[in-house]
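Enquirer: What follows is the residue order along each chain.
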Amino acid sequence: SQTIHQWPATLVQPVGSPLSLECTVEGTSNPNLYWYRQAAGRGLQLLFYSVGIGQISSEVPQNLSASRPQDRQFILSSKKLLLSDSGFYLCAWSARDRGTDTQYFGPGTRLTVL
Amino acid sequence: GQQLNQSPQSMFIQEGEDVSMNCTSSSIFNTWLWYKQDPGEGPVLLIALYKAGELTSNGRLTAQFGITRKDSFLNISASIPSDVGIYFCAGQLRNFNKFYFGSGTKLNVKP
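Going down the list, the sequences are from chains Y and C.
Take the first sequence: its letters are residues 183 to 296, numbered as in this note's numbering.
Take the second sequence: its letters are residues 61 to 171, numbered as in this note's numbering.
Hints were generated in silico from the structure; no laboratory data involved.
Honestly, I wouldn't trust all of these hints.
[Said to hold, decoys possible] Label pairs and their calculated CB-CB ranges:
| # | chain 1 | residue 1 | chain 2 | residue 2 | range |
| --- | --- | --- | --- | --- | --- |
| 1 | Y | Thr-192 | C | Thr-122 | 23 to 29 Å |
| 2 | C | Thr-122 | Y | Ser-247 | 39 to 45 Å |
| 3 | Y | Asn-212 | C | Tyr-110 | 30 to 36 Å |
[Claimed, not checked] Sample of chain C residues at the chain Y side, in silico, Cβ under 7 Å:
| # | residue |
| --- | --- |
| 4 | Thr-91 |
| 5 | Ala-108 |
| 6 | Phe-156 |
| 7 | Asn-157 |
| 8 | Phe-159 |
| 9 | Ser-163 |
The beta carbon of each residue, even a glycine, is placed where N, CA and C say it ideally should be.
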């Protein structure tokens with residue numbers, strides 16, 4: 183069966199510090215991968231998605247970036263965090279079968295920027 | 061971008077009552093998904109729908125893919141306290157890799 187991991191689970195970082203969040207998927211090959219951000223009590227905002235190694239699509243202009251160095255690894259980064267980067271970051275994957283795509287989420291990373 | 065209108069935004073109900081929520085879009089979707097999110101956790105997939113008119117159940121939950129392909133609803137029968145959470149709908153356009161999410165329905169169940 184497929185599983186998705188995210189780490190760390192929680193993170194407290196000072197403004198201006200760098201960020202690296204990691205997501206890995208097990209039990210599937212060639213998944214589409216996604217990064218979402220969720221503000222407290224709000225909906226899901228798609229940040230990036232990837233359909234393959236090195237292929238990243240950015241949805242929202244910001245000081246975040248994403249990379250996919252391996253097929254089942256997706257990394258969210260920032261060189262300098264802002265207060266507004268605080269939130270709940272969710273990684274998700276979906277199979278690439280057209281017509282029956284289903285998206286599954288990881289457990290999330292709670293980021294607090296102080 | 062695509063907009064999914066999810067309603068209601070929140071519901072306060074008594075344990076044992078039935079619940080209904082829905083999502084509508086101006087676009088035709090190929091897939092509809094329904095999720096439940098508990099505080100501090102990632103959304104969990106409840107039901108996936110792939111065909112217009114499809115009606116699918118998962119225990120006390122029932123969801124339908126609208127005939128027009130522009131809407132979907134989720135029903136919860138005989139609600140219990142553990143149904144508390146935020147429910148999200150999501151839709152996918154044909155041949156697109158992205159999923160579009162509704163703003164969520166926050167469900168509160170009073171014992």
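Enquirer: Hint by hint, note whether the structure agrees.
Expert: Comparing the hints with the structure gives:
1. Under the hint 23 to 29 Å, the C-beta atoms of Thr-192 (chain Y) and Thr-122 (chain C), about 36 Å apart, miss the expected range.
2. Take Thr-122 (chain C) and Ser-247 (chain Y): their Cβ atoms lie about 41 Å apart, and the range 39 to 45 Å holds.
3. Range check, Asn-212 (chain Y) to Tyr-110 (chain C): about 20 Å between beta-carbon atoms, so the 30 to 36 Å window is missed.
4. Because the beta carbon of Thr-91 (chain C) sits about 6 Å from the nearest beta carbon in chain Y, less than 7 Å, this interface hint is met.
5. Nearest Cβ of chain Y to the Cβ of Ala-108 (chain C): about 5 Å, under the 7 Å cut. The hint holds.
6. Because the smallest distance between the Cβ of Phe-156 (chain C) and any Cβ of chain Y comes to about 9 Å, over 7 Å, the interface hint for this residue is violated.
7. For Asn-157 (chain C), the interface hint holds, the least distance from its beta-carbon to any beta-carbon of chain Y being 5 Å, beneath 7 Å.
8. The interface hint given for Phe-159 (chain C) holds, since its Cβ lies 5 Å from the closest Cβ of chain Y, which is under the 7 Å cut-off.
9. Evaluation of the Ser-163 (chain C) hint against chain Y yields a held restraint, the C-beta minimum of about 4 Å falling below 7 Å.
The structure is inconsistent with the numbered hints 1, 3 and 6, although it conforms to all the rest.
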